[in-house]
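*Asks:* Sequence:
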Amino acid sequence: MIDRYKHMKHKNIELHFIEGHEYFAKKAFDSLKSSYKKLKEYFELQNDISIMTILAPNRLEFEYIIISKLNVSIEIP
Numbered sequence: 001m002i003d004r005y006k007h008m009k010h011k012n013i014e015l016h017f018i019e020g021h022e023y024f025a026k027k028a029f030d031s032l033k034s035s036y037k038k039l040k041e042y043f044e045l046q047n048d049i050s051i052m053t054i055l056a057p058n059r060l061e062f063e064y065i066i067i068s069k070l071n072v073s074i075e076i077p
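The UniProt record's numbering puts the first residue of the sequence shown at 1, with every later residue one more than the last.
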């Protein structure tokens with residue numbers, strides 16, 4: 001499913017989203033970049049860390065991503 005996602009990337013920050021959700025993706029991406037800079041300064045990180053964010057459009061897609069991409073076992077209602 002994730003292979004049909006569009007993505008944005010800036011250095012070590014990556015965001016995946018479904019076509020049609022560009023507005024929300026742009027807002028989230030800008031927030032990620034801004035927050036990362038602040039966290040890096042606050043915690044005095046010497047090395048960059050990679051951040052990958054996936055905006056799931058619905059609960060079914062969210063559950064699929066959690067199970068298949070993160071290999072986390074979750075209870076599905």
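Treat the hints as calculated values from the structure; they're not laboratory data. Note that the structure is predicted; figures quoted are calculated from it, not measured. One or more of the hints may lead you astray.
Said to hold, decoys possible - Distance windows between CB atoms, simulated:
hint	residue 1	residue 2	range
1	I66	H21	16 to 24 Å
2	Y23	I67	35 to 43 Å
3	I2	Q46	26 to 34 Å
4	K26	N58	29 to 37 Å
Quick reminder that beta carbons are idealized off the backbone N, C-alpha and C, glycines included.
*Asks:* For which of the previously enumerated hints does the structure constitute a violation, in increasing order of number?
*Replies:* 2, 4
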